[in-house]
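Chemist: Quick note, the sequences are listed as chains W and V, same order. If you use this note's numbering, the first sequence corresponds to residues 62 to 844, in order. If you use this note's numbering, the second sequence corresponds to residues 67 to 112, in order.
Accuracy of the hints is not assured; some may be wrong.
Unchecked claim - Here chain V is said to cover these stretches of chain W; the calculated rule only asks that three of the stretch's residues, wherever they fall, bring their Cβ under 8 Å from a Cβ of chain V:
hint, region
1, 512-520
2, 704-714
Stated by the list, open to error - Label pairs and their calculated CB-CB ranges:
hint, chain 1, residue 1, chain 2, residue 2, range
3, W, F841, V, S68, 44 to 50 Å
4, V, V70, W, F841, 41 to 47 Å
5, V, S68, W, A680, 53 to 59 Å
6, V, V70, W, N202, 31 to 37 Å
7, W, D500, V, M67, 46 to 52 Å
8, V, V70, W, Q697, 55 to 61 Å
9, V, S68, W, L505, 51 to 57 Å
10, W, Q697, V, T76, 38 to 44 Å
Unchecked claim - The calculated lysine to aspartate or glutamate pairs, modelled on DMTMM-like cross-linking and capped at a C-alpha distance of 20 Å, are:
hint, chain 1, residue 1, chain 2, residue 2
11, W, K103, W, E152
12, W, K457, V, D71
13, W, K417, W, D353
14, W, K663, V, D71
15, W, K437, W, E517
16, W, K444, W, E133
Derived by calculation from the structure, the hints in this document are not laboratory data. Idealized CB from N, CA, C, for every residue including glycine.
So the chains spell out like this:
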Amino acid sequence: MTLKELQIGKKAVITEVGGEGALRQHFLDMGVIPGAEVKVVKYAPLGDPMELLIHGYSLSLRLADAAEIKVEELSKEEGAVKEKPRKKKREHPGLGEGGRFHEAHPEKPEPLPDSVKLTFALVGNQNSGKTTLFNRLTGSNQHVGNFPGVTVDRKDGPIKGCPNTRVTDLPGIYSMSPYTAEEVVSRSFVLDEKPRGIINIVDATNIERNLYLTMQLIEMDVPMVVALNMMDELTANGGSVDINEMEAMLGVPVVPISAAKNSGVDELIDHAEHVARYQEKPERQDLCDEKDSGGAVHRCLHGIACLIEDHATRAGLPVRFAASKVIEGDELVMKQLCLEQNEIDAVDHIVAQMEKERGLDRSAAIADMRFAFIHKVCTETVKRPHESKEHIRSRKIDKVLTGRFTAIPSFIAIMALVFWLTFGVIGAGLQGLMEKGIDKLIALADGAMKRAGVNEVIHSLLVKGIFAGVGSVLSFLPIIVTLFFFLSLLEDSGYIARVAFFMDKALRKIGLSGRSIVPLLIGFGCTVPAVMSTRTLPSERDRKMTILLTPFMSCTAKLPIYAFFAAAFFPGKSAGILIGLYLLGILSGIFVACIYKVTVFKGEAVPFVMELPNYRMPAAKNVGQLLWDKAKDFLQRAFSVILIASVVIWFLQSFDMNLHMVEDSEKSILAAAAGLLSPLFAPIGLGDWRIVTSLISGFMAKESVVSTLEVLFSGDVGSALTTLGAACLLVFSLLYTPCVAAIAAVKRELGKKWALTLIIWQCAIAWGAALAVRLIGMAFGGV
Amino acid sequence: MSIVDIVLLTLIISAVAGAGVHCFRNRGKCSCSECCGDCSQCHGKM
Chain W
62 MTLKELQIGK
72 KAVITEVGGE
82 GALRQHFLDM
92 GVIPGAEVKV
102 VKYAPLGDPM
112 ELLIHGYSLS
122 LRLADAAEIK
132 VEELSKEEGA
142 VKEKPRKKKR
152 EHPGLGEGGR
162 FHEAHPEKPE
172 PLPDSVKLTF
182 ALVGNQNSGK
192 TTLFNRLTGS
202 NQHVGNFPGV
212 TVDRKDGPIK
222 GCPNTRVTDL
232 PGIYSMSPYT
242 AEEVVSRSFV
252 LDEKPRGIIN
262 IVDATNIERN
272 LYLTMQLIEM
282 DVPMVVALNM
292 MDELTANGGS
302 VDINEMEAML
312 GVPVVPISAA
322 KNSGVDELID
332 HAEHVARYQE
342 KPERQDLCDE
352 KDSGGAVHRC
362 LHGIACLIED
372 HATRAGLPVR
382 FAASKVIEGD
392 ELVMKQLCLE
402 QNEIDAVDHI
412 VAQMEKERGL
422 DRSAAIADMR
432 FAFIHKVCTE
442 TVKRPHESKE
452 HIRSRKIDKV
462 LTGRFTAIPS
472 FIAIMALVFW
482 LTFGVIGAGL
492 QGLMEKGIDK
502 LIALADGAMK
512 RAGVNEVIHS
522 LLVKGIFAGV
532 GSVLSFLPII
542 VTLFFFLSLL
552 EDSGYIARVA
562 FFMDKALRKI
572 GLSGRSIVPL
582 LIGFGCTVPA
592 VMSTRTLPSE
602 RDRKMTILLT
612 PFMSCTAKLP
622 IYAFFAAAFF
632 PGKSAGILIG
642 LYLLGILSGI
652 FVACIYKVTV
662 FKGEAVPFVM
672 ELPNYRMPAA
682 KNVGQLLWDK
692 AKDFLQRAFS
702 VILIASVVIW
712 FLQSFDMNLH
722 MVEDSEKSIL
732 AAAAGLLSPL
742 FAPIGLGDWR
752 IVTSLISGFM
762 AKESVVSTLE
772 VLFSGDVGSA
782 LTTLGAACLL
792 VFSLLYTPCV
802 AAIAAVKREL
812 GKKWALTLII
822 WQCAIAWGAA
832 LAVRLIGMAF
842 GGV
Chain V
67 MSIVDIVLLT
77 LIISAVAGAG
87 VHCFRNRGKC
97 SCSECCGDCS
107 QCHGKM
């Protein structure tokens with residue numbers, strides 16, 4: 062039978078993993094190997110994908126992929142975990158330590174001089190707590206979240222208290238076989254930049270899967286330390302790890318830590334510094350067992366290692382790592398080795414013989430060898446915890462949030478609640494207070510300047526230019542911070558990974574995979590990080606398509622525009638208008654995605670393979686840090702870009718071509734310049750030169766639309782627009798080109814051509830949609 | 067021009083110049099406090 066046919070709650074053992082290419086390798090790397098035990102937990106509400114329990118963690122994959130995996134059902138007794146009696150305690154091997162242990166190894170190389178910078182790579186599986194540890198090590202405040210793939214790029218920093226060091230936080234990877242763009246970043250760093258040491262972070266609550274990467278890192282022959290993270294969680298649930306035994310079996314220092322609680326981190330730093338300073342490489346690399354399944358894999362690995370040794374040395378690759386990658390058929394490594402045809406033939410013969418003797422294909426045989434060793438390590442050293450309270454809690458929450466009939470209503474209810482609280486209750490209330498405060502301050506300053514007899518031009522520049530422009534934008538700070546607060550709660554709790562899980566089938570209908578939902582949801586905050594986060598998507602097609610759809614998810618910078626016009630033209634209906642605009646953005650995105658699917662991005666979305674983390678209580682410090690960062694960023698923009706834009710706009714609308722101050726702004730430089738573009742906007746009812754100017758200024762920063770309008774209209778925008786015109790402007794603002802920062806991010810990810818195409822395409826869509834709104838409005842008697 | 071005008075004008079010019087310098091120094095730098103892979107810290111290392 063296939064995994065697809067296995068019923069909910071039933072256990073089975075995998076007998077064959079079908080499929081081909083990178084996806085199959087990814088399955089194998091995730092532990093979906095012949096001999097592994099799986100249990101079907103549930104199906105997504107739309108019937109696809111399915112959630113499995115394998116090696117003690119939750120993995121979701123599509124039914125079409127599950128159909129490629131053959132399994133044999135287990136009875137209840139067969140499925141029970143048998144714990145072996147523990148051996149007696151071993152003395153601490155003392156790897157990575159000085160003192161008597163170091164003196165006992167006089168053959169070790171001399172320490173590197175103090176002037177040599179110790180560089181460390183922080184490597185581990187996704188969602189294993191790398192960034193939390195990075196923040197502890199360096200004292201920085203990088204954003205952390207509770208879903209796989211928060212870190213999409215490397216980040217550097219010196220270790221606190223160790224000035225001549227640099228630790229690099231890398232995106233999470235499951236193995237050294239790169240599957241996504243971010244995984245390439247991590248692999249390239251370790252291979253090409255040759256750090257002095259590796260800090261391998263291992264999730265102690267999920268040791269079996271995490272040690273798979275550890276084994277590959279050991280093969281890299283670089284000094285390394287294993288940081289066994291989340292030990293507090295493991296021990297709290299009755300589990301334990303025999304650290305001494307594990308250290309002896311792996312041949313590298315193992316340090317139990319809890320990055321979140323900052324325990325064990327100092328010890329980790331000591332060990333990392335020691336192994337890097339003394340260049341203490343892993344004590345063993347030969348992790349295959351000659352007795353394992355007749356020793357076919359062992360002989361194959363050693364045979365190929367001998368065969369390619371000279372090529373690997375020339376290419377600067379560790380021999381053992383290169384040998385296992387050659388057996389797996391890793392094209393990048395094969396290319397680097399530059400083997401001759403005779404050698405390639407010899408490799409093929411050795412591998413074919415191994416496949417015949419082992420009864421597994423090359424990739425599965427290597428994965429099986431690794432998991433066999435891991436199984437041995439875990440049997441000897443790990444006392445499995447009972448089901449953690451975090452997992453029990455997650456299961457209970459998931460009954461509602463990912464339940465068959467409750468998942469999608471819950472998602473809609475949660476998003477509606479977030480928007481209602483932001484725009485209708487908390488954010489809007491705080492914004493009102495802020496607005497009143499700013500207005501009072503402006504009135505005070507205005508009065509004071511009048512009393513002091515300040516020059517008319519300076520008075521106008523300050524009140525009508527700077528105060529009006531910057532003040533109008535500043536009042537939206539509370540609403541933006543409130544929305545980010547709720548988005549960060551969704552991110553940190555682990556809910557976003559669930560949304561990806563149950564939305565996969567629906568998103569596939571429009572040509573995307575469930576993983577695309579993460580960048581799209583981040584897009585409601587800001588398009589820049591949303592575009593960046595598409596790096597977690599494994600296919601170029603999905604990545605491009607998702608990037609081009611993120612501008613349809615209305616970012617927080619557009620909020621001031623909506624709130625400004627909704628309050629001016631639709632009093633009492635602001636919350637409804639704002640939510641309607643968000644929905645219109647989403648619907649437009651779906652419509653455009655359908656067009657993309659049958660035109661530029663034909664084909665199917667890539668398979669969905671994702672780990673579902675336990676729900677966690679968002680840490681107040683993380684949320685607070687994120688909100689502070691966002692608020693700081695917003696204030697910096699208000700007092701830099703918006704300030705300059707306000708002064709420039711004030712100048713251009715206050716002076717004519719001869720630099721004489723004008724009474725009527727119709728005679729100003731700005732009126733003449735913007736008037737040239739007005740005919741383009743006239744068909745959509747936005748032909749007023751002041752509106753055109755504000756929309757153009759929005760390209761620099763979206764908040765600038767409001768500040769420009771405030772400067773140009775002095776609070777009387779109602780005179781230039783009808784209600785229908787305001788509706789057209791709202792729709793145009795929702796859909797037209799993202800700001801310059803977002804376009805720069807698109808250019809970085811996709812290149813100049815796509816960035817330029819996006820600007821033109823979004824403007825065309827916005828123009829068309831605004832025209833449609835105008836025509837429909839006019840048909841219903843609007844003007 | 068009174069002394070108040072001169073003080074105000076100096077303040078405005080300083081603020082605009084400061085904003086300009088800030089924008090110039092931060093050109094291409096990370097936006098929204100997220101790493102864009104293009105700032106001085108990671109530029110060229112991608």
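Chemist: Hint by hint, note whether the structure agrees.
Modeler: Taking the hints in turn, this is what the structure says about them:
no.	hint	in the structure
1	512-520	holds (count 5)
2	704-714	holds (count 3)
3	W:F841 to V:S68: 44 to 50 Å	violated (57 Å)
4	V:V70 to W:F841: 41 to 47 Å	violated (55 Å)
5	V:S68 to W:A680: 53 to 59 Å	holds (54 Å)
6	V:V70 to W:N202: 31 to 37 Å	violated (42 Å)
7	W:D500 to V:M67: 46 to 52 Å	violated (29 Å)
8	V:V70 to W:Q697: 55 to 61 Å	violated (29 Å)
9	V:S68 to W:L505: 51 to 57 Å	violated (20 Å)
10	W:Q697 to V:T76: 38 to 44 Å	violated (23 Å)
11	W:K103 to W:E152	violated (44 Å)
12	W:K457 to V:D71	violated (67 Å)
13	W:K417 to W:D353	holds (15 Å)
14	W:K663 to V:D71	violated (64 Å)
15	W:K437 to W:E517	violated (84 Å)
16	W:K444 to W:E133	violated (27 Å)
Consistency with the previously given hints fails for numbers 3, 4, 6, 7, 8, 9, 10, 11, 12, 14, 15 and 16, ordered from lowest to highest.
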